[in-house]
Amino acid sequence: MTRVLDVRSLRKHFPIRQGLLGRTVGHVKAVDDVSFAIEGGETLSLVGESGCGKTTTSRCILRAIKPTGGEIRFRTEAGADVDVASLDARQLRPLRRQMQMIFQDPFSSLNPRMTIAEIIGEPLLVNGVSSAAERTRRVTELLDLVQLPSAYLNRFPHAFSGGQRQRIGIARALALNPTLVVADEPVSALDVSVQAQIVNLMLDLQDRLGLAYLFVAHDLSVVKHVSHRVAVMYAGRIVEVAPTRSLFDAPRHPYTEALLSAVPVADPRRRSQRIVLEGDVADPSNLPTGCHFHPRCRYATDKCRVETPALTEVAPNHAVRCVRADELTLTAVPTA
Amino acid sequence: MAEPILQVQSLHTHFFADEGVVRAVDGVSFDLYAGRTLGIVGESGCGKSVTTRSILRIVDRPGRIVSGVVKLRRPDGSVADLTTLEPDGRVMRAIRGGEIGLVFQEPMSSLSAFHTIGNQLQEAILLHDSIGKKAARAKAIDLLAMVGIPRPSQRIDAYSFELSGGLRQRVMIAMALAAEPRILIADEPTTALDVTTQAQILDLIRRLQQERDLAVMLITHDMGVIAETADDVVVMYLGKEVEKGPVDAIFHAPRHPYTKSLLRSIPSVLAEPRSRLATISGSIPHPFARPSGCPFHPRCPDRMDICQTDVPAEISVSSDHVTACHLYVA
Numbered sequence: 001m002t003r004v005l006d007v008r009s010l011r012k013h014f015p016i017r018q019g020l021l022g023r024t025v026g027h028v029k030a031v032d033d034v035s036f037a038i039e040g041g042e043t044l045s046l047v048g049e050s051g052c053g054k055t056t057t058s059r060c061i062l063r064a065i066k067p068t069g070g071e072i073r074f075r076t077e078a079g080a081d082v083d084v085a086s087l088d089a090r091q092l093r094p095l096r097r098q099m100q101m102i103f104q105d106p107f108s109s110l111n112p113r114m115t116i117a118e119i120i121g122e123p124l125l126v127n128g129v130s131s132a133a134e135r136t137r138r139v140t141e142l143l144d145l146v147q148l149p150s151a152y153l154n155r156f157p158h159a160f161s162g163g164q165r166q167r168i169g170i171a172r173a174l175a176l177n178p179t180l181v182v183a184d185e186p187v188s189a190l191d192v193s194v195q196a197q198i199v200n201l202m203l204d205l206q207d208r209l210g211l212a213y214l215f216v217a218h219d220l221s222v223v224k225h226v227s228h229r230v231a232v233m234y235a236g237r238i239v240e241v242a243p244t245r246s247l248f249d250a251p252r253h254p255y256t257e258a259l260l261s262a263v264p265v266a267d268p269r270r271r272s273q274r275i276v277l278e279g280d281v282a283d284p285s286n287l288p289t290g291c292h293f294h295p296r297c298r299y300a301t302d303k304c305r306v307e308t309p310a311l312t313e314v315a316p317n318h319a320v321r322c323v324r325a326d327e328l329t330l331t332a333v334p335t336a
Numbered sequence: 337m338a339e340p341i342l343q344v345q346s347l348h349t350h351f352f353a354d355e356g357v358v359r360a361v362d363g364v365s366f367d368l369y370a371g372r373t374l375g376i377v378g379e380s381g382c383g384k385s386v387t388t389r390s391i392l393r394i395v396d397r398p399g400r401i402v403s404g405v406v407k408l409r410r411p412d413g414s415v416a417d418l419t420t421l422e423p424d425g426r427v428m429r430a431i432r433g434g435e436i437g438l439v440f441q442e443p444m445s446s447l448s449a450f451h452t453i454g455n456q457l458q459e460a461i462l463l464h465d466s467i468g469k470k471a472a473r474a475k476a477i478d479l480l481a482m483v484g485i486p487r488p489s490q491r492i493d494a495y496s497f498e499l500s501g502g503l504r505q506r507v508m509i510a511m512a513l514a515a516e517p518r519i520l521i522a523d524e525p526t527t528a529l530d531v532t533t534q535a536q537i538l539d540l541i542r543r544l545q546q547e548r549d550l551a552v553m554l555i556t557h558d559m560g561v562i563a564e565t566a567d568d569v570v571v572m573y574l575g576k577e578v579e580k581g582p583v584d585a586i587f588h589a590p591r592h593p594y595t596k597s598l599l600r601s602i603p604s605v606l607a608e609p610r611s612r613l614a615t616i617s618g619s620i621p622h623p624f625a626r627p628s629g630c631p632f633h634p635r636c637p638d639r640m641d642i643c644q645t646d647v648p649a650e651i652s653v654s655s656d657h658v659t660a661c662h663l664y665v666a
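Chains as they are written, first to last, in the working numbering: chain A, 1 to 336; chain B, 337 to 666.
Everything labelled a hint here was simulated from the structure, so no lab data went into it. Don't take each hint at face value.
[Claimed, not checked] Restraint-style ranges between C-beta atoms, simulated for each label pair:
hint: 1; chain 1: A; residue 1: Leu20; chain 2: B; residue 2: Pro486; range: 29 to 37 Å
hint: 2; chain 1: A; residue 1: Asp207; chain 2: B; residue 2: Asn455; range: 20 to 28 Å
hint: 3; chain 1: A; residue 1: Arg137; chain 2: B; residue 2: Gln345; range: 54 to 62 Å
hint: 4; chain 1: A; residue 1: Arg137; chain 2: B; residue 2: Gly618; range: 21 to 29 Å
hint: 5; chain 1: A; residue 1: Gly128; chain 2: B; residue 2: Gly618; range: 54 to 62 Å
hint: 6; chain 1: B; residue 1: Arg548; chain 2: A; residue 2: Arg270; range: 22 to 30 Å
hint: 7; chain 1: B; residue 1: Ser448; chain 2: A; residue 2: Ile65; range: 28 to 36 Å
hint: 8; chain 1: A; residue 1: Leu328; chain 2: B; residue 2: Arg426; range: 58 to 66 Å
hint: 9; chain 1: B; residue 1: Ala449; chain 2: A; residue 2: Ser9; range: 36 to 44 Å
hint: 10; chain 1: A; residue 1: Gly26; chain 2: B; residue 2: Val402; range: 54 to 62 Å
hint: 11; chain 1: A; residue 1: Glu327; chain 2: B; residue 2: Gln546; range: 54 to 62 Å
hint: 12; chain 1: B; residue 1: Gln644; chain 2: A; residue 2: Arg137; range: 32 to 40 Å
hint: 13; chain 1: B; residue 1: Arg487; chain 2: A; residue 2: Gln18; range: 19 to 27 Å
The beta carbon of each residue, even a glycine, is placed where N, CA and C say it ideally should be.
With the sequences and hints as input, model every part of the structure.
Here it is as structure tokens:
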């Protein structure tokens, strides 16, 4: 399989300015040394609590913001290997259609004054498909792909439910045949019964079109249904990355363990003794020393307060950032 | 079992808009007991929030309670029907916040950004209790400590934007319990929070319930949260209660096709990686285009001819388990 995306030591620091002269008094280290790769046709999920840097990472990859450091190597359709992090706006333009985005909120991400045909057709128009007939043909094809009737072409977004709008958003993202799709919480604003439809649609489209997904989400149950691999982020760093089954069945980082145990399971007979994490997520402008997670970690020792753990491979494709990874026995999700 | 503290009987709340009538709540009945948690679960438009707003008499126009009874057992032993009270009257204002505490979804927008949390807490305390400013401040600090806020005597002078989402929701709970109500209504209390914070808040509500013998009414769309916290469950769809019963029966012996489909479509951390989800076909109808007969019939896998014409009546499938579906006969 070909590697579509290879992120190496990505960093994004936001300056904190203060006073009349706007002097920089510190930095918010939103993303700090993040590395991962995604193969063609693969889904990698980025999970973590709010403020962990998962959305900032995805925005850097799409170059909605410029990273502070690191490389974002993207394999173009033509087979070239380019570092997206170092390109300027003009050089980025031809790449933009190859990496697309699905947004969280289907209510604010569609222009209410444009018809469905215009919304899905706009990326085509911008990218040189000037014939109206050709655009209509392609839009109809895309509506069919996301299982919406082509009779909806000339309607406006307000006529659609949340699930239908999310389908429209997906059709727009796929209009230019991207190889990589970044989906930031694509189902978290939807009702349960509709969420299932969109999850299945995303799985089907991936199989049919060979898409690579970077799936950003906080809901670990949804993540289990869509991912090949999962990366857990905490305070700007990846603390564990593993194939989905390994991560859920045999987590190796105490934070992953706590995160998994906090997920409510829809079975009243399984009201479990969960690990309740004390305190709040680390403040990215004032990070703890050593391991960022140590103030909330129930296994922390003196070593964790001083030593910064590196992301180390503990099993094939399974890497953990914890100095005690080898000595701890952690609890997995209690299996059915 | 003891007497219920709150009884809702065939509540109907409709919205009279120019385009037509929206039957947001269309015949809902349940009882709340001290020390127990009632979960009300459903997707958007099912009427779960309008049900709480009806109980508290804060339904916005053009909505109004068309019929039904909401009986509240008062501390003096009398019983008041809240639907007959003046929404802005003295009694209703004493009940709202005084006898029934409320926690909303959005801790950011429910707290003022212009006053310290201490000021807001003291206001809530003094509204229902004339104890003087100094005593109110001391009580506010106690309340913050009770909901697990670290360093409460310093945090009392903080503004809401200085606190994390989890701490803000704790402040909201402290405020809801300021007047020592016997009923706590929590409307999606953890929806805006991370799972780890959600676990903390649900634990807190459970602990406070035990300490104070609170009757809790928890409104949510999340079946996982219901399974973790509720004793009894009401499942709603388009203003109707389609099924209600003890939590174990709802999850392990669901009767209504909607409850069954909903439970099957929930993503689970226990599932096989990359497994497809069972789906419910179609989407929730627009409130102005409410289906005839059983409101779920267009999406129902077990639909029969009668479902398109007749509204199903509620049928007891066991002593405390009720469903409204034509599949079952009395």
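Outcome of range test on Cβ distance (B:Arg487, A:Gln18; 19 to 27 Å): holds (25 Å)
C-beta pair A:Glu327, B:Gln546: status relative to the range 54 to 62 Å that was hinted: violated (37 Å)
CB-CB spacing for A:Arg137 and B:Gln644 relative to the 32 to 40 Å hint: holds (38 Å)
Pairwise beta carbon distance, B:Arg548 to A:Arg270, judged against the given window 22 to 30 Å: holds (27 Å)
Status of the given 28 to 36 Å range, CB of A:Ile65 versus CB of B:Ser448: With Cβ atoms ~32 Å apart, the hint holds.
Consistency of beta-carbon spacing, B:Asn455 to A:Asp207, with hint 20 to 28 Å: The hint (20 to 28 Å, Cβ to Cβ) is violated, given that A:Asp207 and B:Asn455 are roughly 57 Å apart.
Cβ distance range 21 to 29 Å for A:Arg137 and B:Gly618, holds or violated: holds (28 Å)
B:Arg426 and A:Leu328 - C-beta distance against the hinted 58 to 66 Å: Holds - the Cβ-Cβ distance for A:Leu328 and B:Arg426, about 60 Å, lies within 58 to 66 Å.
Status of the given 36 to 44 Å range, CB of A:Ser9 versus CB of B:Ala449: For B:Ala449 and A:Ser9 the Cβ distance comes to about 38 Å; the hint holds.
Range agreement (Cβ of B:Val402 with Cβ of A:Gly26, hint 54 to 62 Å): holds (58 Å)
C-beta pair A:Gly128, B:Gly618: status relative to the range 54 to 62 Å that was hinted: Distance hint for A:Gly128, B:Gly618 is violated at roughly 38 Å.
A:Leu20 versus B:Pro486 beta-carbon gap, inside 29 to 37 Å or not: Between A:Leu20 and B:Pro486, where Cβ atoms are some 34 Å apart, the hint holds.
Hint check: violations occur at hints 2, 5 and 11; the rest are consistent with the structure.
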